[in-house]
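Going down the list, the sequences are from chains A, B and C.
What the first sequence shows, in my numbering, is residues 1 to 218, in sequence order.
What the second sequence shows, in my numbering, is residues 1 to 114, in sequence order.
What the third sequence shows, in my numbering, is residues 1 to 570, in sequence order.
Worth flagging that the hints you see were computed from the coordinates, not collected in a lab.
There is no bait here: all hints are sound.
Capping the alpha-carbon separation at 20 Å, the derived lysine to aspartate or glutamate pairs in EDC-like fashion look like this:
#	chain 1	residue 1	chain 2	residue 2
1	B	Lys47	A	Glu56
2	C	Lys342	C	Asp531
3	A	Lys123	A	Asp134
4	A	Lys123	A	Asp66
5	B	Lys79	A	Glu191
6	B	Lys47	A	Asp66
Chain C regions said to be covered by chain A (calculated; three or more residues, Cβ under 8 Å):
#	region
7	105-111
8	182-196
9	223-233
Ideal Cβ positions, reconstructed from N, Cα and C, are used throughout, including at glycine.
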Amino acid sequence: MNAEVLQAPAVEEQFDDPTQQREAATLGMWLFLATEILFFGVLFASYTVCRVLHSEGFAVASRRTDMLLGSIETAVLLVSSSLIALGVRAVRMNERRLASWLFAGTSALGISFLVMHGFEYHKEYEEHLVPGLDFAQSGANAPAIELFFCLYYFITGFHSLHVFIGVVVIGVLAIRIARGAFGPRHHTTLELAALYWHLVDIVWIFVYPAIYLIGRAG
Amino acid sequence: MSRQESLSSATKEDKAEPPVTPLSHYLWVLAALLALLALSAGTALIKLGTWNTVINLLIAVMKVLLVISVFMHETEARKLTRLTSALGFIWLAMLIGLALFDFLTRSLVPAPWG
Amino acid sequence: MSAADPVMAVPNFLDRDYRLRAWLTTHDHKRIAILYALGITFFFFLGGAAATLIRLNLITPDGALLKAQTYNKAFTFHGVVMVWFFLIPSIPTTLGNFLLPLMIGARDVAFPRLNLASWYLYMGGGLFTIAALVAGGVDTGWTFYTPFSTMFSNTNVFLVVAGVFITGFSSILTGLNFIVTVHSLRTRGMSWFRLPLFVWGIYATSLVMVLATPVLAMTLALIALERGLGVGVFDPSLGGDPLLFQHLFWFYSHPAVYIMILPAMGLVSEIIACFVRRRVFGYRFMTYSMLAIAVIGFLVWGHHMFVSGQSLYASMVFSILSFVVAVPSAIKVFNWTATLRKGDITLEAPMLYALGFVGLFMLGGLTGLMLAAPALDMPLTDTYFVVAHFHYVMVGGSVMAYLGGIHYWWPKITGRLYSESWARFAAILMFFGFNLTFFPQYILGYEGMPRRYYSYLPQFQVLNVLSSAGASVLAVAYLLPILYLLWSLRYGERAGNNPWNARGLEWQTRSPPPKENFLEPPVVQEAYAYDQAAPNAGAPPNIGTQVSGGGPGGGTASGGGAAPTGESLQ
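Next comes chain A alone, as it looks inside the complex (with noise of 0.2 Å):
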């Protein structure tokens, strides 16, 4: 490992200090994930009430749904949150080769859970579960399955746009640390950066139960 010249932030003129500056960053990003919270939560709320409205509709929709991809799914962000956690701690131990693989990693999860979820709307797709584009569903449920989907594109569509967003700014991160850019009185890009990631992760952990496990004990 180099011995690193500790790099010193750099202040912002409103601020008077480092730690001043580092503080109110990461209030800035726990608003943001507020937000966010909220964004997300107008799709979690038209879910619950017309889930409430369908219960059984929802639940012979939900069991169309690839329960192993999802768990899958699941389990990469669940992992690739703890990368990043650590690859923000490796930072902070000036551990910076280490850093940089951790939140390559991250990224490279973070692809492999788009690539998969693209095979679930291909899947989709050719079962004709696409409303608007392809939808052909037969029975009396047939309507509470399109709006169970309508449900389910909205959501893990702008989801995935996180992930996506997410994917490329860590990526371009992994790169910077290995560049030097960060060090362990510098980071809080990283850190903010991670705070995203979690967040994306936490949307997908109420994302999972609700699209892919009504219903599957038959």
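Guided by the hints, dock chains B and C onto chain A, whose structure is given.
Just chains B and C now, kept in the frame of chain A:
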């Protein structure tokens, strides 16, 4: 060195950050998260009626609390950020709660005009 | 240091760099505030133009001026523009941006680049939405109720909704910025309960902006998706519920009205304290009230849905909560009144606006309580009674407070004094024009005239003509400030640091302030320390005469100026 960074006593020099969390904490939490995942998937395959939903919701909440309190610990530890994270969920609960209250009480007493 | 000494050659924030590029890439919260003010004014007059069309059309019962669908587009235009591009941003992004760092003794907001990004989102979203509203328009009303907006309207719903979506992020980021600023950047000694009430108002507003606006964003996205895909969660044929939309929409849109009123309440406290020369009565209750309004305001949205098919029990709960939220507002009105009692009151233009606010807000608020009772709401909903109610609080309230604030801090922002007699005339004209426009609408609503109709029964004509006449007076009253304020930029007397002899950190620095806000650390006192002398601190005044003249105390070179009297500011 206290892990709490108190805003009101911020001084001019750069305060040292709290000590690094041991690796084992993260690994145990990951193990717990994956175990909870297996539990929710497993119980979903057993017919428990409404309890399936309750269990799944509780497991989800536990997972989220683990992620927030351990993975996000360094910044979460401040009272202010704890309040902020709670605020988002509380507000969402208000939205879902009151809206559901409407939908669930509709058939009880029909509106006078309908 | 006396006035005769040469002034330090520090440029103020306006003089520092004249190039357009410097303005468009600025990080200075004061310049961003002015950029916002230009946008706000532009959108205000656009919304006013739509209102003109509406009031012209309503002069005759047959609505001869506009076709029905054009009329629908006109009131939609008016609502969308006035709500999202004028009222919600107005005070926070202009006076809030300018004053917040100054009032807490900071050099800027916490995230200056984010602040600039907010302005670009606002202007971009705004111009995009205006383009969509003009090129084809939207006829759903600013409330976008489904299923009309998602399925049956043949207008630019998707584009307008997209534009508002973009602008929503401006709101979120501004609120976020302000919250972090107040938490992190208060200067030494500026504890929470020494903050001016305007800061508390902005803080409470920012909480609402951050927690409510994301819900609007996703709700609008759901409309757009349903329109684009032809299917969605509000679709009754799938088992969705149009009322779900209303719940989601009003969860944002009711707190949105508190975004409009809380900063105004903060402004009014500042102005009244200054022109009564004393502390605001019940300071702590004022702060708790604003926070209570911000929080409880999230729990009352169902009062917009009493006749939509909402369950009776839910309506009862929302009604009770709506009565509860009126209590903190009432406390504030009582406290302003108590502040006035036995005070040394002078009636400069800002004070006229502030007093107008108190009276008109009270009327508007009381009629809101009437509407909060479902039994009364039944005949009154969707009539002009509702229109009158919300214009009383939003225009008689927020807009008057905004103008009061513009006048009050005009010397600080521009370094110039406006013409007091013209300002007073405009304020009184506005009060008169406003009441002539909107009071008849209470009666019209009570008599049963529906809102959002391009024509009406002949018996309503007299009151409609009165209302339209009032609108023309109001239009003049809004144009006047533009004229004399712009005139003052060139020809107005130069202002000193503290022409009103007010208290508050912003009055301890120059007019206009330098870019870094304070050349010397400001002296923090208790809030509204009018019983103490103004702190003799800060930079020496900039070039130009201090306010002097007949008032007691005389003009001095540093710190406090003359006590404000009517004549001395002419």
